[in-house]
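Protein chains: 2
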Amino acid sequence: MSLTTVIEGTRQALDADPRNGAVQFSVTHELVAGSNTTVDVRVREHAFTVDEPPTLGGTDTAANPVEYALASLGSCQVVTYQFWAAKLGLPLESIRVTVEGDLDLHGFFGFSETTRAGFSGVRVHVDLTGPADPARYEELKRQVDEHCPVLDLFRNPTPVTTNLAP
Amino acid sequence: MSLTTVIEGTRQALDADPRNGAVQFSVTHELVAGSNTTVDVRVREHAFTVDEPPTLGGTDTAANPVEYALASLGSCQVVTYQFWAAKLGLPLESIRVTVEGDLDLHGFFGFSETTRAGFSGVRVHVDLTGPADPARYEELKRQVDEHCPVLDLFRNPTPVTTNLAP
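Sequences listed follow chains A and B, in order. Reading the first sequence from the start, the letters are residues 1 to 166 in the working numbering. Reading the second sequence from the start, the letters are residues 1 to 166 in the working numbering.
Check before you lean on any hint, since a few could be wrong.
[Unchecked claim] As a list, the in silico EDC-like pairs of lysine to aspartate or glutamate whose alpha-carbon atoms are at most 20 Å apart:
1. A:Lys141 to A:Glu93
2. B:Lys141 to A:Glu113
3. B:Lys87 to B:Glu100
4. A:Lys141 to B:Glu113
5. A:Lys87 to B:Glu113
6. B:Lys87 to B:Glu139
7. B:Lys87 to B:Asp15
8. B:Lys141 to A:Asp60
9. A:Lys141 to A:Asp152
10. A:Lys141 to A:Glu100
11. A:Lys87 to A:Glu30
12. A:Lys141 to B:Glu138
13. B:Lys87 to B:Asp102
14. B:Lys87 to B:Glu138
15. B:Lys87 to A:Glu113
16. A:Lys141 to A:Asp127
17. B:Lys87 to B:Glu146
18. B:Lys87 to B:Asp133
Derived by calculation from the structure, the hints in this document are not laboratory data. Bear in mind that the values here come from a model prediction, so they are computed numbers and not experimental data.
In isolation and in its complexed conformation, chain A is listed as follows (with noise of 0.2 Å):
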């Protein structure tokens, strides 16, 4: 299906019933028995492992939180750019995106109590390439930015609250 059928679908249920919109994701995750940091990902029917190189504890089977946590960006910047060059009628032949973050591991470990657990800064660079004006990707790229999901979560706040079952 063409991501303008998709997105001409999804405005058609809106209008239909707000509440269509609203949508819930769901993750569990598992420790491996007998590992320190190896973990095991429950998402639907797909499953994948996240773990921890050696100087923080782990066996390296795949990559860690953190570098999780910019591979949803880089991925959702992606995504929202196919969406929003089909929503701008704009062509798109490719798509390439490097995220970088800085994190300070006195944070993680506590040995500072001001430094922030967290990344302290991320860098995306976005490369692509298609026949269009220039200026019409830079509009293209003010609309990703201003819809993309995982940039939102980056760039602002969110309610999140944990539970610790008794």
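Given chain A's structure and the hints, the job is docking chain B onto it.
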């Protein structure tokens, strides 16, 4: 290597030179040619796929970007529980984390400019087992929630620059 050994080794390295705490992560993402939403992700020597379900124009070969964002949070919680249990000398026999996120598609599609593109709310449920006093696991939870890098990313704004190659 035990996590206690990793923590002590890291402490010594960071005491020797605080700049040793500064780490950088980098991830690349490329749209699979001919696909609408399938993204090849590369992280160091690791590779995985991100896709969308058919309702969002994809072929559902993998979890989608916002599900990976939740997975980065859930797996980071698991790893942070492991490290801080080691740091506090608290035995942890098993841990399982479920993360749920609510999102309204009006934001991503630009059908409403007052709806944020990202999650409106996220819930983390932690189930763990261990022989110590429950109050000690509540103290562990407090430390984890202060030091988990991806929880910090979700709860607080992170500076992100985006750049479109000319």
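We went through each hint and held it up to the structure:
1. With a CA separation close to 15 Å, the supplied pair Lys141 of chain A and Glu93 of chain A stays within the 20 Å bound.
2. About 17 Å separates the Cα atoms of Lys141 of chain B and Glu113 of chain A, which keeps this hinted pair within 20 Å; it holds.
3. The hinted pair formed by Lys87 of chain B and Glu100 of chain B fails the criterion: a straight-line CA distance of about 28 Å is larger than 20 Å.
4. This hinted pair checks out: Lys141 of chain A and Glu113 of chain B have alpha carbons roughly 17 Å apart, not beyond 20 Å.
5. Proximity of Lys87 of chain A to Glu113 of chain B is assessed by CA-CA distance (about 15 Å); at most 20 Å being required, the pair is judged to hold.
6. Distance restraint check for Lys87 of chain B and Glu139 of chain B: the Cα-Cα separation of roughly 12 Å lies within the 20 Å cut-off, and the hinted pair is therefore satisfied.
7. Between Lys87 of chain B and Asp15 of chain B the CA atoms are separated by roughly 17 Å; this keeps the pair inside 20 Å, and the hint holds.
8. Restraint check for Lys141 of chain B and Asp60 of chain A: not satisfied, since their Cα atoms lie roughly 26 Å apart, outside the 20 Å limit.
9. Annotation: proposed proximity of Lys141 of chain A to Asp152 of chain A holds, straight-line Cα distance about 14 Å (limit 20 Å).
10. Taking the CA atoms of Lys141 of chain A and Glu100 of chain A, the gap is near 18 Å; set against the 20 Å cutoff, the hint holds.
11. Taking the CA atoms of Lys87 of chain A and Glu30 of chain A, the gap is near 39 Å; set against the 20 Å cutoff, the hint is violated.
12. With a CA separation close to 44 Å, the supplied pair Lys141 of chain A and Glu138 of chain B exceeds the 20 Å bound.
13. Note on Lys87 of chain B and Asp102 of chain B: the hinted pairing is violated, with a Cα-Cα distance of about 33 Å set against a maximum of 20 Å.
14. With a CA separation close to 15 Å, the supplied pair Lys87 of chain B and Glu138 of chain B stays within the 20 Å bound.
15. Restraint check for Lys87 of chain B and Glu113 of chain A: the C-alpha separation of about 15 Å stays at or below 20 Å, so the hint holds.
16. For the hint pairing Lys141 of chain A with Asp127 of chain A, the CA-to-CA distance comes to about 11 Å; that is within 20 Å, so the pair holds.
17. Between the alpha carbons of Lys87 of chain B and Glu146 of chain B the distance comes to roughly 14 Å, so the proposed pair stays at or under 20 Å and holds.
18. Taking the CA atoms of Lys87 of chain B and Asp133 of chain B, the gap is near 17 Å; set against the 20 Å cutoff, the hint holds.
The structure shown violates the earlier hints numbered 3, 8, 11, 12, 13.
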